[in-house]
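Colleague: Since the structure of chain A is provided, determine the placement of chain B on it from the hints.
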Amino acid sequence: CIRDRVSTQSTGSITDMSETTYKLHYFNAKGRGELPRLILAYANKHFEDIRYGSPNFGIQGKDLSAVKNSGLLPFGQIPILEVTTGGKTHVISQSNAITRYLAKEFGLYGSSNQEAARIDEIIEALVDVGNAFGQQVWTKPREEMPEAVKKFGIETLPKTAVVLDKFKAENPDSNFFVGKSITLADLAVFAAGDMLHTDWKDYPNIHKVNDAVVKALEKYIASRPHSPF
Amino acid sequence: MSEATYKLHYFNVRARAEVARLLFALANKQYEDVRYALPRFGVTEGKDFTPLKESGILPFGQVPVLEVTKGDKTQVISQSHAIERFLAREFGLYGSSNLEAARIDEINEGAVDLWNSYAQQVFMKPQEEQPEALKKFLAETFPKFAAVYEKFKNENPESHFFVGKSITYADLMVFHVGQGIKAEWKDFPNVHKVTEAVAKTLEKYLSNRPPSNF
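In order, the protein sequence lines correspond to chains A and B.
Taking my numbering, the leading residue of the first sequence gets 1, the next gets one more, and so forth.
Taking my numbering, the leading residue of the second sequence gets 230, the next gets one more, and so forth.
Hints in this document: simulated from the structure, not taken from any laboratory.
Hints are supplied without guarantee of correctness; some may be wrong.
Said to hold, decoys possible - No farther apart than 25 angstroms at their CA atoms in a straight line, the calculated lysine to any residue pairs in the SDA-like style are these:
no., chain 1, residue 1, chain 2, residue 2
1, A, 159, B, 341
2, A, 88, B, 348
3, B, 394, B, 405
4, A, 159, B, 405
What the hints assert, rightly or not - Partial list, computed: chain B residues near chain A (C-beta under 8 angstroms):
no., residue
5, 253
6, 280
7, 281
8, 282
9, 284
10, 285
11, 303
12, 308
13, 311
14, 320
15, 338
16, 379
No residue lacks a Cβ here, since even glycine has one placed at the ideal position from N, Cα and C.
Just chain A, with the same shape it has in the complex (with noise of 0.2 angstroms):
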């Protein structure tokens, strides 16, 4: 079913013509969805959560055939991202996108082009710790995985964690990875943990941003979805 959620800061009525509209369509997953979904709850935006069962990873949602035949998914991949303003709505697909754009809508990307290098530094590392985490758990039977994700942690991601700890230091006096409020780097990196089951403690800068972001989104953590992944 599709989960409605009426921000608070809402002030027009749901045919209010000025209002962009927001509808995300992904599995009833975590996965590439997931921080999408972060950014629009932090910044307090109503959307449509739309959910897509898979018969492959066991979970329960809508038919995604239907969709996939409808020539709406551009590279008939999701998540994709409908954005609906001024009574048009244009698609957004690639998460990667998708995530930048609600980031600047939303006033998340820094405050300048060196902030927003160091944002995209951090995004485009964890690009690369999620590909050598699908290359290294997701390609493994199902009950090997548990096994697989505990190895990730100890010999992979702490090549990149150690970068990532290092680059906070350099933002010393704040909570946060850059400047002195959250932005998509933030975001992203706790989204990376919560797919990889760890709060990076054992790394206390990035442990830091992590319980700043897991407070700040209290709220949305506590009532969303139960996803395994």
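Modeller: For chain B alone, kept in the frame of chain A given last:
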């Protein structure tokens, strides 16, 4: 107000630094193009990479990195796409709205996926298997992506470029990846129009750049 100076560090090949170089060329901006030898791939010309690796300036121990110096401060930017995005923003090549930037990002993320597929299906194969693997890739995987880009370009009909009326980061990326995967776009006339326009605009740079196998 001092202008920024730039120093790009990468191997003496195109690969992961070429889009940054294309951005500099398009914006007609000066930069130091520091190129390292890569003996493992038969690239013998270039500086020795070892001192750079041991210097500690590479956050992930990898290249490319871009050094941006303004006044007495130098920022080191790692990650090829972070470098590209920074330059695209600095030089106004990232579209004129968040929605245009999102379309540019879609195109670029898709191009990265296309390149990764190529790497997996062709580049990583033993040398003798590559010609056959490339044929298969160009016949089966490439057209699926190309059709998506053809459609994207169609959504911006009155232009030679993917987004807006002038060249952006997205056009450069598609041009570069096309060269990397040895694809011809002539079966996809809209995309072909873009890559031809890029080739024309950057004619001088393209004819003068050092030769590279990848």
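Colleague: Each hint should be assessed against the structure and marked as holding or not.
Modeller: Results of checking the hints against the structure:
Simply put, residue 159/A and residue 341/B have alpha-carbon atoms about 23 angstroms apart, close enough for the 25 angstroms limit, and the pair holds. Distance restraint check for residue 88/A and residue 348/B: the Cα-Cα separation of roughly 38 angstroms exceeds the 25 angstroms cut-off, and the hinted pair is therefore not satisfied. Taking the CA atoms of residue 394/B and residue 405/B, the gap is about 20 angstroms. The hint holds against a cut of 25 angstroms. Distance restraint check for residue 159/A and residue 405/B: the Cα-Cα separation of roughly 30 angstroms exceeds the 25 angstroms cut-off, and the hinted pair is therefore not satisfied.
With a least beta-carbon distance of about 15 angstroms to chain A, the hint placing residue 253/B at the interface is violated under the 8 angstroms criterion. At its closest, the beta carbon of residue 280/B sits 20 angstroms from a beta carbon of chain A; the interface hint therefore is violated under the 8 angstroms criterion. Hint status for residue 281/B relative to chain A: violated, with the closest Cβ pair at about 17 angstroms, above 8 angstroms. Taken as an interface hint, residue 282/B does not check out: its beta carbon lies about 15 angstroms from the nearest beta carbon of chain A, beyond 8 angstroms.
Hint status for residue 284/B relative to chain A: violated, with the closest Cβ pair at about 15 angstroms, above 8 angstroms. Hint status for residue 285/B: violated, given a least beta-carbon distance of 11 angstroms to chain A, over 8 angstroms. At its closest, the beta carbon of residue 303/B sits 11 angstroms from a beta carbon of chain A; the interface hint therefore is violated under the 8 angstroms criterion. Interface restraint check for residue 308/B: the shortest CB-CB distance to chain A comes to about 4 angstroms, inside 8 angstroms, so the restraint holds.
Look at residue 311/B: its Cβ gets to within about 4 angstroms of chain A, closer than 8 angstroms, so that hint holds up. For the restraint placing residue 320/B at the interface with chain A, the shortest Cβ-Cβ distance is roughly 10 angstroms, beyond the 8 angstroms limit, so the hint is violated. The beta carbon of residue 338/B is positioned within 8 angstroms of a beta carbon in chain A (closest approach about 4 angstroms), and the interface hint is therefore held. The interface hint given for residue 379/B is violated, since its Cβ lies 11 angstroms from the closest Cβ of chain A, which is over the 8 angstroms cut-off.
The structure does not agree with the numbered hints 2, 4, 5, 6, 7, 8, 9, 10, 11, 14, 16 stated previously, though it agrees with the rest.
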